[in-house]
Amino acid sequence: MDTVVFKPSIVETWLDLLQEAQNDTAHELDQDVLSYLVLLLIRFTDDPALATSVLALEYLQSQHLEGRLQRHCLREVGDKCLLYSGLFPKRARRRRVRVSYYVDLGRSAYQSLAEGIGRDGGLTYGQLA
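Read in order, the letters of the sequence shown are residues 12 to 140 in the working numbering.
Bear in mind the hints are in silico, worked out from the structure with no lab data behind them. Ideal Cβ placement from N, Cα and C applies to all residues, glycine included. It cannot be assumed that every hint is accurate.
To be verified - What follows is a list of derived Cβ distance ranges for each label pair:
no.	residue 1	residue 2	range
1	Gly-129	Arg-106	19 to 27 angstroms
2	Glu-39	Ser-111	20 to 28 angstroms
3	Leu-76	Lys-18	12 to 20 angstroms
4	Asp-57	His-83	15 to 23 angstroms
5	Val-114	Glu-31	29 to 37 angstroms
Please construct the entire structure, taking both the sequences and the accompanying hints into account.
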């Protein structure tokens, strides 16, 4: 991935980048996971609040919530951890934590989310975990 070729839409751009990553790693993503990742990347493309997140605190706060609010908070933590570990690994080093910190925290958030939603609805989150 030496250069990024921007497509007419942001969806096409992110989809192409994810497909290129799949080819480079020889790891094929499930269509639901691929779609989820494209939407996640679009959602955070212009979100400066991502940089100010304290993910461990957000995760702990989610444990005191219930229902839809808890699921939303867990999804946010999992998504942000995925972005940090995948796109911004140097940020972890600057914060004096390992990338595995974000991976483990994100997995925990997605796993809790998958278990809370149940078998059918939580499948994508289980795969992300």
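Status of the hints after comparison with the structure:
no. : hint                                     : in the structure
1   : Gly-129 with Arg-106: 19 to 27 angstroms : violated, 34 angstroms
2   : Glu-39 with Ser-111: 20 to 28 angstroms  : holds, 24 angstroms
3   : Leu-76 with Lys-18: 12 to 20 angstroms   : violated, 38 angstroms
4   : Asp-57 with His-83: 15 to 23 angstroms   : holds, 20 angstroms
5   : Val-114 with Glu-31: 29 to 37 angstroms  : violated, 22 angstroms
This entry does not satisfy hints 1, 3, 5, going by the numbered hints stated previously.
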